[in-house]
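For reference, the chains in residue letters:
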Amino acid sequence: DGGITQSPKYLFRKEGQNVTLSCEQNLNHDAMYWYRQDPGQGLRLIYYSQIVNDFQKGDIAEGYSVSREKKESFPLTVTSAQKNPTAFYLCASSKSTGTGMYTGELFFGEGSRLTVL
Amino acid sequence: SQQGEEDPQALSIQEGENATMNCSYKTSINNLQWYRQNSGRGLVHLILIRSNEREKHSGRLRVTLDTSKKSSSLLITASRAADTASYFCATAPSTGSARQLTFGSGTQLTVLP
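Residue numbers (my numbering), protein chains in the order written: chain A, 1 to 117; chain B, 1 to 113.
Derived Cβ-Cβ restraints for the label pairs, each shown as a range:
no.: 1; chain 1: B; residue 1: N22; chain 2: A; residue 2: N53; range: 37 to 43 Å
no.: 2; chain 1: A; residue 1: T115; chain 2: B; residue 2: E17; range: 34 to 40 Å
no.: 3; chain 1: B; residue 1: S68; chain 2: A; residue 2: F12; range: 47 to 53 Å
no.: 4; chain 1: B; residue 1: G40; chain 2: A; residue 2: T77; range: 20 to 26 Å
no.: 5; chain 1: A; residue 1: T79; chain 2: B; residue 2: N52; range: 39 to 45 Å
no.: 6; chain 1: A; residue 1: S67; chain 2: B; residue 2: G40; range: 26 to 32 Å
no.: 7; chain 1: B; residue 1: S28; chain 2: A; residue 2: K95; range: 18 to 24 Å
no.: 8; chain 1: B; residue 1: P8; chain 2: A; residue 2: E62; range: 30 to 36 Å
Chain A regions said to be covered by chain B (calculated; three or more residues, Cβ under 8 Å):
no.: 9; region: 41 to 54
no.: 10; region: 95 to 109
Computed list of lysine to any residue pairs in SDA-like fashion (alpha-carbon distance at most 25 Å, straight line):
no.: 11; chain 1: B; residue 1: K26; chain 2: A; residue 2: D59
no.: 12; chain 1: A; residue 1: K57; chain 2: A; residue 2: P39
no.: 13; chain 1: A; residue 1: K57; chain 2: B; residue 2: T95
no.: 14; chain 1: B; residue 1: K70; chain 2: A; residue 2: M101
no.: 15; chain 1: A; residue 1: K70; chain 2: A; residue 2: H29
no.: 16; chain 1: A; residue 1: K83; chain 2: B; residue 2: G40
no.: 17; chain 1: A; residue 1: K95; chain 2: A; residue 2: F55
no.: 18; chain 1: B; residue 1: K56; chain 2: A; residue 2: G98
no.: 19; chain 1: A; residue 1: K14; chain 2: A; residue 2: E62
no.: 20; chain 1: B; residue 1: K56; chain 2: A; residue 2: T97
no.: 21; chain 1: A; residue 1: K57; chain 2: A; residue 2: N18
no.: 22; chain 1: A; residue 1: K95; chain 2: B; residue 2: T95
no.: 23; chain 1: B; residue 1: K70; chain 2: B; residue 2: I47
no.: 24; chain 1: A; residue 1: K9; chain 2: B; residue 2: R41
no.: 25; chain 1: A; residue 1: K95; chain 2: A; residue 2: N53
no.: 26; chain 1: A; residue 1: K95; chain 2: A; residue 2: N28
no.: 27; chain 1: A; residue 1: K9; chain 2: B; residue 2: S39
no.: 28; chain 1: A; residue 1: K71; chain 2: B; residue 2: V44
no.: 29; chain 1: A; residue 1: K95; chain 2: B; residue 2: H57
no.: 30; chain 1: B; residue 1: K70; chain 2: A; residue 2: D59
no.: 31; chain 1: A; residue 1: K95; chain 2: B; residue 2: S94
no.: 32; chain 1: B; residue 1: K26; chain 2: A; residue 2: I60
no.: 33; chain 1: B; residue 1: K26; chain 2: B; residue 2: S71
no.: 34; chain 1: A; residue 1: K71; chain 2: B; residue 2: H45
no.: 35; chain 1: A; residue 1: K9; chain 2: B; residue 2: N38
no.: 36; chain 1: A; residue 1: K95; chain 2: B; residue 2: L46
The set of hints was computed from the structure by calculation and includes no laboratory data. Ideal Cβ placement from N, Cα and C applies to all residues, glycine included.
Next comes chain A alone, as it looks inside the complex (with noise of 0.2 Å):
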């Protein structure tokens, strides 16, 4: 079956420590999302990635990095700078319904649940 697979599920990491969360489709979907999602709150783009070895910030990048090494994988990793990182972490793909545009559904992954003790 098609779909995004992001892991952990769940994720606890100590204060200062950067912390990887995955996030492979087999979609064939050229670009590939990252959001974050607060309690009670929508969506709040982190890092977008339209093509492989490029990838763009989004509306809250600060503390966050990410990689697209292969079109599959679009990793993201919570670095030790970002000061409040517990939240939900959403990864999502999408394909191009033209040149450079991207307006079609997104498909997302089940999330990964970030926790700082």
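Since chain A is already given, all that's left is putting chain B on it; use the hints.
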């Protein structure tokens, strides 16, 4: 900044009743999408309505779009307990940029058996 804002923030109804959620947005759009999120899970796409469409149906879902008022509504008919979830609208800008699909803060729907 959040483009779409849902109303109400929370809605509680009895099984069998209809549920209506509204979404307002600020700038011109290519399309508007509705997503569902069960507690602690990822979002699932429900329906997409393009800017040149006024109404769209999918099973028990009916979506309307009024571009002059920059608003949309999602109607779930004959609701079931399994419809309990958060519902989000998301707007895709007319520029088509991957960056700018923005989500509202959601409506929490509770369907009581």
